[in-house]
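A.B. asks: Here are the chains, one letter per residue:
There are 2 protein chains.
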Amino acid sequence: MIIDKLYKKVSEMGNVCVGLDSDLSYIPFSYYRWFERDEEALFNYNKRIIDETIDVAACYKVQIAYYEALGIMGLRVYKNTVAYIRSLGAIVIGDVKRGDIKDTAKKYAKAHFEGEFEVDFITVNPYMGLDSLDPYLNYVENDEKGIFTLVRTSNMGAHDIQFLEDKSGKKVYDIVGEKVQKLGEKYMGESGYSSIGGVMGLTHKEEAKEIRERLNKTFFLVPGYGAQGGKAEDVSLLLKNGNGAVVNSSRGILLAYKKEENRGLDFAKCARYEAIKMRDEIIKASR
Amino acid sequence: MIIDKLYKKVSEMGNVCVGLDSDLSYIPFSYYRWFERDEEALFNYNKRIIDETIDVAACYKVQIAYYEALGIMGLRVYKNTVAYIRSLGAIVIGDVKRGDIKDTAKKYAKAHFEGEFEVDFITVNPYMGLDSLDPYLNYVENDEKGIFTLVRTSNMGAHDIQFLEDKSGKKVYDIVGEKVQKLGEKYMGESGYSSIGGVMGLTHKEEAKEIRERLNKTFFLVPGYGAQGGKAEDVSLLLKNGNGAVVNSSRGILLAYKKEENRGLDFAKCARYEAIKMRDEIIKASR
Chain A
1 MIIDKLYKKV SEMGNVCVGL DSDLSYIPFS YYRWFERDEE ALFNYNKRII DETIDVAACY
61 KVQIAYYEAL GIMGLRVYKN TVAYIRSLGA IVIGDVKRGD IKDTAKKYAK AHFEGEFEVD
121 FITVNPYMGL DSLDPYLNYV ENDEKGIFTL VRTSNMGAHD IQFLEDKSGK KVYDIVGEKV
181 QKLGEKYMGE SGYSSIGGVM GLTHKEEAKE IRERLNKTFF LVPGYGAQGG KAEDVSLLLK
241 NGNGAVVNSS RGILLAYKKE ENRGLDFAKC ARYEAIKMRD EIIKASR
Chain B
1 MIIDKLYKKV SEMGNVCVGL DSDLSYIPFS YYRWFERDEE ALFNYNKRII DETIDVAACY
61 KVQIAYYEAL GIMGLRVYKN TVAYIRSLGA IVIGDVKRGD IKDTAKKYAK AHFEGEFEVD
121 FITVNPYMGL DSLDPYLNYV ENDEKGIFTL VRTSNMGAHD IQFLEDKSGK KVYDIVGEKV
181 QKLGEKYMGE SGYSSIGGVM GLTHKEEAKE IRERLNKTFF LVPGYGAQGG KAEDVSLLLK
241 NGNGAVVNSS RGILLAYKKE ENRGLDFAKC ARYEAIKMRD EIIKASR
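Chains as they are written, first to last, in the working numbering: chain A, 1 to 287; chain B, 1 to 287.
Just chain A, with the same shape it has in the complex (with noise of 0.2 Å):
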């Protein structure tokens, strides 16, 4: 199982996702001027980032958005960064957050799980039904792959649907979440972790606490760390024994040479060193 793989990750280099969510105007001129192809330019500079964090991150995540944004040749770029973590035994989540039936969602799975684009897990939207995934579960069963449901999510507008009640109180999310932690008992890995995960931003404390118990063997993918406003105690509620979730930081790391006090040095190692900041800051809070 898939999870496995991540849990050892996350056992032995901390719960830190590196998110590739990378656009041209992040790489610093004074790199992007050595290449003759924005092609070349925005895969080196993920390299670059990859190669500096590979032994501080537990997996990486690239948001297919930000590449699909710039065309056939986005899509190249995505296909090979997304090719350049497997080969280095790295894990790497496609977050696409595809939703779709039947022949469709076939077609995404084979999208996303086989071919050019394959990656390790994808994000996934729940809203069409739970039957909308089971054109991954094949994959999750025989060939090592995982997927995250949405769950909740930590914008504003996450009250329009995901927080609505039903009539015994219960919220839409709360809901979605248990349907999904028991579609996920049947691809348990021996970590006690389902390789059917969830996206679940960050929250209060109280609530936090109280999702990590009830969804006990749903392994979280929590993103909005650093740049949009998560903090490492927010995470560690999130965690158990400092494992059972990976923290997604984008912008964070990739922009990491940006601040005020790394003026003037190397993009990638500024990268690692914010990775490593960020790994440090969430283990300390949740010992």
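Don't read these hints as lab results, they were simulated from the structure. Do not rely on the hints blindly, as some may be mistaken.
A pair counts as met if it fits within one copy or between any two copies, since identical chains are not told apart.
[Said to hold, decoys possible] Result set (DSS-like, lysine-lysine): computed pairs, CA atoms no more than 25 Å apart in a straight line: (1) K9 to K269; (2) K258 to K102; (3) K179 to K259; (4) K5 to K259; (5) K259 to K102; (6) K259 to K240; (7) K167 to K179; (8) K106 to K258.
Starting from the structure of chain A, add chain B where the hints point.
C.D. replies: Below, chain B without anything else, positioned relative to chain A:
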């Protein structure tokens, strides 16, 4: 407003949305063998279907999952297909069902409303909340673009989230439908419909009528005709004076040539006959 262009197309052509969920396996061998490369074969297959239905279809819907599954090559075919449709002055819906927040949603908006993958409408997923739609609104207001937000689907799994009821007995999809219509009020066309539309699966008689009356400013994209079991009578209940919705058929049209009675006929002509038949069935049922 793009919705007025679509409304006009429906008035002139009927309600058929030709779904280009095209798969290499759909191409008749007698046609496929003329091409050296799959890429050429798939694009020309789409092109012939488009050429034969251009005066019958209100619009086209291209399901990106089918193309993503073929990697970079497939996405080039997607790009060339949507560009070809637009070059003919026809309307194309990119069925991408993307859903994300903030900067990521901005990138999806850029990906599908500008540049290589530019389409007229995209489908979006509302699970993360209405603020996840914000980045598209600027394009709706200024660039003749529109969105169809998932509201209610017809798969079994729809019960998992969409059919949950809040304390007052209101279903999640009703709440979503109302929120989408409210958001859409800022983007109304002269036709009386908004460029913020909804994806509305076929449903039973009473409910369909009630939905059409309540969401009276929301233009619907209705999937599931033909191959997925939808019938003209069901569709007619979602129409008002024959307009207010387009109805998608993909395999029903693409694979019409496989019907016994069409043996030996050209696949694109069969697609045309099937689209005409569907158009006329819906017109007849909605009188």
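A.B. asks: For K5 and K259, with the copy left unspecified, which applies at a CA distance of at most 25 Å: within, between, both, or neither?
C.D. replies: neither (34 Å within a copy, 49 Å between copies)
A.B. asks: Measure nothing new, just compare the shortest in-copy and cross-copy C-alpha distances for K259 and K240 to 25 Å and report within, between, both or neither.
C.D. replies: For K259 and K240, the Cα distance exceeds 25 Å both inside one copy (32 Å) and across copies (58 Å).
A.B. asks: Between K258 and K102, at a C-alpha cutoff of 25 Å, which is it: within one copy, between copies, both, or neither?
C.D. replies: Answer is between; shortest inter-copy Cα gap is 21 Å, intra-copy 45 Å.
A.B. asks: Evaluate K106 and K258 at a C-alpha cut-off of 25 Å and name the case that applies: within, between, both or neither.
C.D. replies: Cα proximity of K106 and K258: across copies only (23 Å, versus 42 Å in one copy).
A.B. asks: As a check of your reading, is K9 near K269 (CA-CA no more than 25 Å) within one copy, between copies, both or neither?
C.D. replies: Within one copy only: 21 Å inside, 56 Å across.
A.B. asks: Quick one: K259 to K102, C-alpha cut-off 25 Å, is that within a copy, between copies, both, or neither?
C.D. replies: So K259 and K102 pass the 25 Å test across copies only (22 Å; inside, 47 Å).
A.B. asks: Regarding K179 and K259, is the shortest C-alpha distance of 25 Å or less found within a copy, between copies, in both, or in neither?
C.D. replies: Answer is neither; intra-copy 42 Å and inter-copy 41 Å both fail.
A.B. asks: Is it within, between, both or neither when you check K167 against K179 at 25 Å Cα-Cα?
C.D. replies: both (17 Å within a copy, 20 Å between copies)
Violated hints for the displayed structure, listed by number in ascending order: 3, 4, 6.
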